[in-house]
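Asks: Sequence:
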Amino acid sequence: MNNKTLFIVLTFSLISISTFAQKISPPSGRIAIVADGNSPDPDDLGGTAISIALLRAAGLEDRLVHYSHSCDLVRDDRISEQAEKERHHLMQIACDMTARRWGGLQHITFFDAIWQKEETINDLAWAINASTAESPLWIIEAGEPDIIGMALRKTPKEKHQYVKVVTHHPANDNAGDFYTWQQILDFGIEEVRIPDQNINLKLDHEKWDWAKNHTDPRIRLIWTIGNIAEIDNIVKFQKGKWDCSDAGMVLYWITGANINNGLKAGSMEVVKSLLEDYVKDTPEPPFKKKK
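Each residue of the sequence shown is one higher than the one before, starting from 1 at the first, in the working numbering.
Calculated directly from the structure, the hints in this document are not laboratory data.
Every value quoted in this text rests on a predicted model; they were computed, and no experiment measured them.
Be aware that a few hints might be false.
[Said to hold, decoys possible] Calculated lysine-lysine pairs in the DSS-like style (CA-CA distance at most 27 Å, straight line): (1) Lys264 to Lys207; (2) Lys85 to Lys202; (3) Lys23 to Lys207; (4) Lys239 to Lys207; (5) Lys159 to Lys212; (6) Lys202 to Lys241; (7) Lys207 to Lys280; (8) Lys264 to Lys23; (9) Lys272 to Lys23; (10) Lys241 to Lys272; (11) Lys159 to Lys117; (12) Lys212 to Lys241; (13) Lys236 to Lys212; (14) Lys239 to Lys85; (15) Lys154 to Lys117; (16) Lys23 to Lys280; (17) Lys202 to Lys239; (18) Lys264 to Lys241; (19) Lys236 to Lys207; (20) Lys272 to Lys202; (21) Lys239 to Lys272; (22) Lys239 to Lys264.
[What the hints assert, rightly or not] Here are the simulated distance ranges between beta carbons: (23) Gly103 to Ser267: 22 to 32 Å; (24) Lys288 to Asn122: 36 to 46 Å; (25) Glu276 to Trp126: 27 to 37 Å; (26) Val74 to Ile199: 45 to 55 Å.
Idealized CB from N, CA, C, for every residue including glycine.
Sequences are here, hints too, so could you generate the full structure?
Replies: Here it is as C-alpha cells:
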C-alpha cells in the first residue's frame, strides 16, 4: 500500500468514526419510557433490555426519569390469565436484571403499570411536573397510550407544552382502552413520529447470533431476554425473529431526535456498535466470593 492509498484509507476511517461519534447527540431534557410487554406481543422484552443497555452505553442513564411496563391495562382474550401473569414477571426481570448487570440506574424504580398503577401514574406525573422549556420530557410510547393520558390528566396544562411523545407505530397509538391518540394530542403535547422500527430491528433470528455468542455476558443476557419472545407460544409472528423494535425510539432520542437530526431508521448495526464499544471500554469488575 503506497502512502497516498494509506492516507485515503485513514482519512475515510476517521470520517466514519467521527460521523458515528457525532450521533450521540441527545436533545435537552429527560426521557421517560412507557412499555407494555404484558400484551400478546412480547417484543417489549428485547426492546426493554436493549433500551436500558443503550442508555447506559451512551452515558445517558441519568437522564432516564421514568420506566414502566405492562401498560396494556385490559387483558386481551388472545392471552390467558396465566400467560399474562408470566409476562408481568418477565418484564420486571427484563428491567431489573438488565439494569443491575449494566449498572448506573439505581435511581430508577421500574414500575408495573397494572400491579402498581397509582404509583406508575404518580411517578410519570412527577416527571411531567418537572418539565420546563430548558428541560422538556420526552416520553417513549412503547405501548398503549392510557398511562400517558392518565398522567397528563393529573398534571397542570401549562406543563404539557414541554412534553413530547415519541411514537413509531399506530398499533400503539390506537390501542388504548381509555384514551384515543387524538385525546393524547388534545392535551397539547408535541407528537414526534418516526417510521416503523420493525423494518430494521425485527430481523431473522440468526442475524442476532453475534449477541447470542458474544464473549461478554451482559450482551448474552440481552439476547437471552429477547429470545423469550421468539419461543413464546402466544403469538406466531415472532417465530424466527429477534425483535427490539421499540428500542428504535430510544436510539432516535440518543442520536438527536427531531432537534439534532436523530437516526430515524434505527438498525442492528448501530445497536451492536454502541453496545460492543461500551463493554469493550467498561469491563465488568471481577467476581468476588462472599466471605
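Asks: Each hint should be assessed against the structure and marked as holding or not.
Replies: Comparing the hints with the structure gives:
Between Lys264 and Lys207, the direct Cα distance comes to roughly 21 Å. Compliance with the 27 Å bound is thereby established for this hinted pair. For the given pair, Lys85 sits about 25 Å from Lys202 by alpha-carbon distance, which is consistent with the 27 Å threshold. For the given pair, Lys23 sits about 23 Å from Lys207 by alpha-carbon distance, which is consistent with the 27 Å threshold. A distance of roughly 14 Å separates the Cα atoms of Lys239 and Lys207; the hinted pair therefore holds under the 27 Å criterion.
The hinted pair formed by Lys159 and Lys212 fails the criterion: a straight-line CA distance of about 43 Å is larger than 27 Å. Of the pairs offered as hints, the one joining Lys202 and Lys241 holds, with about 6 Å between alpha carbons and a cut-off of 27 Å not exceeded. Of the supplied pair hints, the one linking Lys207 and Lys280 holds, its CA atoms being roughly 21 Å apart against a limit of 27 Å. Only pairs whose Cα atoms come within 27 Å are accepted, and Lys264 paired with Lys23 is accepted, the gap being roughly 12 Å.
The straight-line distance between the Cα atoms of Lys272 and Lys23 is roughly 14 Å, inside the 27 Å bound, and the hint therefore holds. At roughly 17 Å between alpha-carbon atoms, Lys241 and Lys272 fall within 27 Å of each other, so this suggested pair holds. Restraint check for Lys159 and Lys117: the C-alpha separation of about 22 Å stays at or below 27 Å, so the hint holds. At most 27 Å may separate the alpha-carbon atoms for a hinted pair to count; Lys212 and Lys241 meet this at roughly 13 Å.
Straight-line distance between C-alpha atoms of Lys236 and Lys212 comes to about 22 Å, which keeps the hinted pair within the 27 Å bound. Straight-line distance between C-alpha atoms of Lys239 and Lys85 comes to about 21 Å, which keeps the hinted pair within the 27 Å bound. Among the hinted pairs, Lys154 with Lys117 is consistent with the structure: their alpha-carbon atoms are about 13 Å apart, no more than 27 Å. A hinted pair counts as satisfied when its Cα atoms are at most 27 Å apart, and Lys23 with Lys280 qualifies at roughly 19 Å.
With a C-alpha separation of about 11 Å, the suggested pair Lys202 and Lys239 falls inside the 27 Å cut-off, and the hint holds. About 21 Å separates the Cα atoms of Lys264 and Lys241, which keeps this hinted pair within 27 Å; it holds. A C-alpha spacing of about 19 Å is found between Lys236 and Lys207, which places the hinted pair at or below 27 Å, so the restraint holds. Note on Lys272 and Lys202: the hinted pairing holds, with a Cα-Cα distance of about 14 Å set against a maximum of 27 Å.
Under the criterion of a C-alpha separation no larger than 27 Å, the hint pairing Lys239 with Lys272 is consistent with the structure, at around 22 Å. This hinted pair checks out: Lys239 and Lys264 have alpha carbons roughly 26 Å apart, not beyond 27 Å. Evaluation of the 22 to 32 Å hint for Gly103 and Ser267 yields a pass: the beta carbon distance comes to about 25 Å. Between Lys288 and Asn122 the beta carbons are some 38 Å apart, a value that agrees with the proposed interval 36 to 46 Å.
In this structure the supplied range 27 to 37 Å holds for Glu276 paired with Trp126, their Cβ-Cβ distance being about 35 Å. A hinted range of 45 to 55 Å for the beta carbons of Val74 and Ile199 is inconsistent with their spacing of about 29 Å.
The structure is inconsistent with the numbered hints 5 and 26, although it conforms to all the rest.
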